[in-house]
Amino acid sequence: MYKKLAKTEFPRFFEGLGNLGKVYGPVNIEGSTYEFREVQSPEEMDLKYTRTMIPPKKFFLGTKETMYTFDEEKAVYTPAIGKQEKTIIFGIHACDIHALKLLDKVYMDELMDLFYTMKRRNTILIGISCHPDEYCFCKSMGTSYATDGFDLFLHELSDGYFVRVGSEKGHQIIEANKPLFIDADEKDVEEFKMNEKKRLEEFNLELNVLGLQDMLDLAYESPVWQETADECFGCGTCNLTCPTCRCYDVVDYVGLDLKTGERVRRWDSCMLRKHGLVAGGLNFRPTRTERLRNRFNCKGSLTEGMLNCVGCGRCTVYCPAEINFVEVMKKVIGEL
Amino acid sequence: MKRVIEVEELTRVEGHGRVEVVIDGEEIKDVNMAIFEGPRFFEAFIETVHYEKVPDIMRRICAICTASHSLASIRAIEKAFNVKVTEQTSLLRDLLIHGEMIESHALHVFMLALPDYLGFPDAVRMASKYPKEVKAALRLKQAGNMVHNIVSGREVHGMNERVGGFSTVPSEQDLKQIKMVMAATKPTAELAVDLFAKLETPKFAESDNVLMALDPGDKFGFMGDYVLVSDGTRHPVENYQALTNERTVKYSHAKFSSYKGSSFMVGALPRVLLNKDKLEGTAAALYDEHKDLLTQNNTLTNNLAQAIELVHSVDRCIEDIDALLSNGLKNEGLVEIEVKANRGTAAVEAPRGILYHDYTFDGEGCIVKCNVITPTAQNAANMEKDYRAAAKRLISEPDEKLVNASNLSLEPTTHAYPARCT
Amino acid sequence: MAKPKLGIFSLTGCGGDQLMILNMENELLDLLSYFEIKDFQEGSSYHEDVELDIALVEGSVSTETDLKRLKEIREKSKTLIALGDCAIGGCVQAMRNGQMSMAERMKKVYGVEEDYYDVLEPKGLSAHVKVDLEIPGCPIEKTEIFRAITSLLHGDLPETIDYPVCVECKLNGYPCVLVEKGMPCLGPLTTAGCDARCPGLGLDCIGCRGPIPDEANAAAELDVLLEKGYDEKYIINRLRFFGGNFEDIQKLTKKISERRNKTEGNE
Amino acid sequence: MEEGGKAALSKIAPKELVLSPAKIVKSENMTEIEKHLELEFQDKDYAKGFVYKPGQFVEVSVMGVGEAPISICAARKNPDILELCVRRVGRVTNAIHRLKVGDLLWIRGPYGNGFPMEKMEGSNLLLVGGGLGIAPLRGVLQHALMNREKYGEILVLYGIRCYTAMLFRDEFLHLFYEGDKQNVKFYLSYEDSSDKACYELACERSDRCMSGVVTKLFQLMKISAEDTYAVICGPPIMYKFVVKELLQRNFSPKQIYMTLERRMKCGVGKCGHCIIGSGSNIKYVCKDGPVFTYWDALNTKGMI
Ligand SMILES: Cc1cc2nc3c(=O)[nH]c(=O)nc-3n(C[C@H](O)[C@H](O)[C@H](O)COP(=O)(O)OP(=O)(O)OC[C@H]3O[C@@H](n4cnc5c(N)ncnc54)[C@H](O)[C@@H]3O)c2cc1C
Ligand code: SF4
Ligand code: SF4
Ligand code: SF4
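Those sequence lines, one after another, are chains A, B, C and D.
Numbering of the first sequence is given in my numbering, commencing with residue 1 and proceeding in unit increments.
Numbering of the second sequence is given in my numbering, commencing with residue 337 and proceeding in unit increments.
Numbering of the third sequence is given in my numbering, commencing with residue 759 and proceeding in unit increments.
Numbering of the fourth sequence is given in my numbering, commencing with residue 1026 and proceeding in unit increments.
If you're looking for bench data, these hints aren't it; they were derived computationally from the structure.
There may be inaccurate statements among the hints.
Covered stretches of chain A (in silico footprint by chain D; criterion: 3 or more residues with CB under 8 Å from a CB of chain D, positions within the stretch not fixed) [stated by the list, open to error]:
no. : segment
1   : 71-80
2   : 111-120
3   : 216-222
4   : 249-261
5   : 297-305
Cβ atoms here follow ideal geometry from the backbone N, Cα and C, with glycine treated the same way.
Isolated chain A (complex conformation):
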């Protein structure tokens, strides 16, 4: 279903969202660092943002979140499911929507993760169209456009937004704000199409992913891993900013009374030394080289048919060592 929202109606539409829950939108923090933060008005957001540093996965898999509290005296673990707040993520890009689709598969399909699912079910996703910068390669990954996985998707037009409705929830929002939306006319559709076409031409960065898995396999002993690892800090930034990375660690903390406490999970990274370490000191990926190779292999592999990389460029942009993901992959493929 397609609709149109005039620019003039946008503030009212946005205001109305506030009634549905807490609204989070892209806010500029510093330089090129954006973050999804709670916003009260459209002015706080920068809808022309390229990418947030921390991807939207933070809403569903908390960076540090309590899973259980426990009480030794009462001998119970209580799942830490607080009041579930309705959340609207406003202005999410297509690549991040794809990433969430992938996380949904992992966390909600088989042996559903309660903590993720509860939050995910309480969330409305409103996408927004974007333009690539020199680090974006979502086009190559097939994630530059989302056909599903959102509730509403806004495509900017000269005088408003061309709105795609992606779910029943999205449809309800339109219904509730009926007077603000009009039917998209032919001109709007033309503009939308033109914009999409133009946008595709803006991509400069490409990565050939055909047969990538075999290329990675064949490059298992390649010197590229060692060379890259020499420059790498093993700092984990690439994983933590990746919208599809999902490793987490779990730690138990006991309180002052030594009887109650909590089980906390926090984001982990396969670039960190402990990731493959088991008791007794054996490490299955003891060197940075092995960890780096594992990361690239993981990113290049498929999870239920979806690539574990959506081409958002974060790992390259935020890597303090300026290690370039696409360049490394091109070395693997043999293009560089």
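Mind docking chains B, C and D with the ligands on chain A? Use the hints.
Then chains B, C and D with the ligands, alone, in the frame of chain A:
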């Protein structure tokens, strides 16, 4: 008969010290106060370090007066490069130093000194008898730490105060919270005054004291560019070497200072006595009430002076915050700095007394030469003198209690001055 | 069950780690009530020379006296915990290790000869005795000491951290000062646990929790900062603030000064 | 949370992820570092639904300490009882060792694929275990003995360091001596050649026991690769050597099963720690395994 009274390890002080009094019959042969905290050679290894990170290293000289070191260091650098900071920065710095004073004095007065008088080895054990008081003291100390946390970034070795300003300005909400906590804990500061005014201060360590403190300007405070001496003279801090005359002694890692050939004292008592007219409000009233108890020659009354400063600093934190809030907090960033080959000297009143930092920089802004003089070094000779007086009392008035617990006379003397800052 | 016997000791340092324990105003009394405190130099005159279950030791070994005391403490303690950077890597006083001799330092600061005092080149505890657990920080973090103590009381050693500050920057969503502002941040090399305090305030990490042992890639940091326009002397000084005793950093210093000597020789 | 919420929660929460309390009803020190535990589920309904196969594992929680994956070391006989064998190596396992009979542990699971017991029906079984690796194999053995008619000859090769390190000693010595009655041949190897007790066993039954690593036992036994499945579990370095012996005896890669160990936090393919492989062969040990065939290993880099 030769006797040696020795306190192997001074406790409840920051750092390590030992006192040895050698008595031969009626005569005191020798008094050695050794600070045997290992030397760390800051002045040596700071050479070639770029000015911007100098305060980050120098504040690690001492944990309990970390902000004092930090600010002395920053101000010395700013003097070398002729930096003028904004009013907001000055206010935040003032707030920080008062916060440090509260934290340090609360710890010192309640946890280190008070147990001496009440007969406990420490505050934790004291808490079994005086739980309410100890908890209140901890809350007061925490209020000081809160200032550190919010203004400086953490309780010990904060990082937010920089050359030229503050990296991040605290939020209005945080400042309001400090204000609230300060107001709530003020009674505990007043309680400290009350307690030390009521306690009988032993007189065994009485002897002549020369006092020194910074001239804070119009208001009682802890920063200034001139040094006041109890002989009525006033000197620019740049002349600190003539004021302190440091020398090395074999038995102690701390250097010993002297002024015109005599030992001298720095710290709360000198500050309060030399700047009494600048006290205001509750602190001024409390000073008036108890001024007879504060005697220049009895070092042990330093604890009462600290208590008065506690009250003063609590009030000043509130005042500073009011001023900051009414001016409106601004994200000013740091003042632009033009480096040049130059020298800068600054002093700050650390909780234990005057602290000097003196740097010489090359044209790139890296340290060529550095000199730091700590309150402990300045007080060391005076402490020896006090120990000597205490020991003398011990021999001439062989009070059973005093003799049996030789510590008893030496400990409060120690805790009048908390050592540290080598 | 008998309360475990605890001793808190300090060698050469700033006293900050003991102070951090005293700074746990909210928990201090409760926490210490689980123990019999046999020694706490900074906080108590009580002292009893007995076998200890747990010894917390702050400060570096910088004098013969330190070394002697450390050995005594080790001898009588079941679990010995090194508190803070001084006790782990020597902290700032180890900055010139391998660069400036003790004789030079003595001359500079005291104007005296080498044997005037019993000084040693500052080292962490593990250079001399077996250490059961290291809690990094300059100073240590309250949460970490809290967790260590509660874990110990609960019967096991706490989780140790060996990932860099960058992780905490990300978990907190702090903008990277290295990437965004080109500041010479040592976060990528530095043991986390401070919750990225400095980047959180818009400052570059100076590495106060020490380089991650056997993992910190100092050579990469040098390259990154050189590229950002910092000079070698500046970078090396910086790496050394808290890394003077770390092998990789010493090697790097040596390599660079050799290279410099060579080019100067050629000129 | 209000009651309604809780009820709703239990409805959507998969039972495999629920932490269920189990009481230690038996706890026996088998060696200095290994304990055999019998746990009784407190929730009988949960126990009823807790159906597992040999080779599967559970996540065991000790309150205040943490969670660790532990293999189930017995076949499912009594549904209320769960048997584990735990080696003391780190935080959680140390804590488990401190617990006494009557204390509680929390269990979730069962996880992993387990051994394909049905597929192996009608064949001979060759079980090769090293050290603690015998624990999951004990489940296979028990299952086969409980369903004796469905399996052919059962050969067990068990490698230990020394006599005192032998797990389930009474049980296994019984099989060592009496196993043949049930068509079970039990072989034993020991690494510490100066171990007296083992030496005596070796003298007594030189056809079943010898000093050396576990692969040495291949010398003693006869086996046809046709209709035999090999099942291996042991320390990581053991696999390559055992596999080599098996390949020499014409075992096909798909006839060789092995169970692996990796770091794990969730046990259900989410936390990412147990990932192995490269290219298109990326696997999660917890959910794609821990049982893999040698064929998988050939295709998955870094598996063994
Ligand atoms: C499928 C599987 C089955 C296992 N079966 C048994 C068994 O039957 N008996 C037994 O004694 N041990 C078994 N282990 C090993 C056991 O899980 C580890 O020894 C245990 O996790 C160590 O935890 P810890 O807290 O004592 O050690 P620490 O070193 O303190 O480890 C901390 C955490 O790291 C992770 N971790 C550390 N080592 C391992 C490891 N080897 N495997 C997975 N995660 C690890 C865990 O999450 C653990 O809680 C098994 C491991 C796996 C993967
Ligand atoms: S962000 Fe860069 S430096 Fe850090 S682990 Fe990833 S690749 Fe290495
Ligand atoms: S600011 Fe420093 S610590 Fe933080 S991510 Fe960047 S490099 Fe790492
Ligand atoms: S960010 Fe770096 S310098 Fe700052 S507190 Fe943490 S470890 Fe220390």
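Status of the hints after comparison with the structure:
1. By the rule of at least three residues with a Cβ nearer than 8 Å to a Cβ of chain D, the coverage given for the segment 71-80 of chain A holds, with 4 such residues.
2. For the segment 111-120 of chain A, the stated coverage by chain D is satisfied: 5 residues place a CB nearer than 8 Å to a CB of that chain, which reaches the threshold of 3.
3. Given as covered by chain D, the segment 216-222 of chain A passes the check, having 4 residues with a CB less than 8 Å from a CB of that chain where 3 are the minimum.
4. Closer than 8 Å: that is the beta-carbon criterion, and the segment 249-261 of chain A has 8 residues meeting it against chain D, so the requirement of 3 holds.
5. Here the segment 297-305 of chain A counts 5 residues with a CB under 8 Å from a CB of chain D, which clears the bar of 3, and the coverage holds.
In summary, this structure violates none of the numbered hints.
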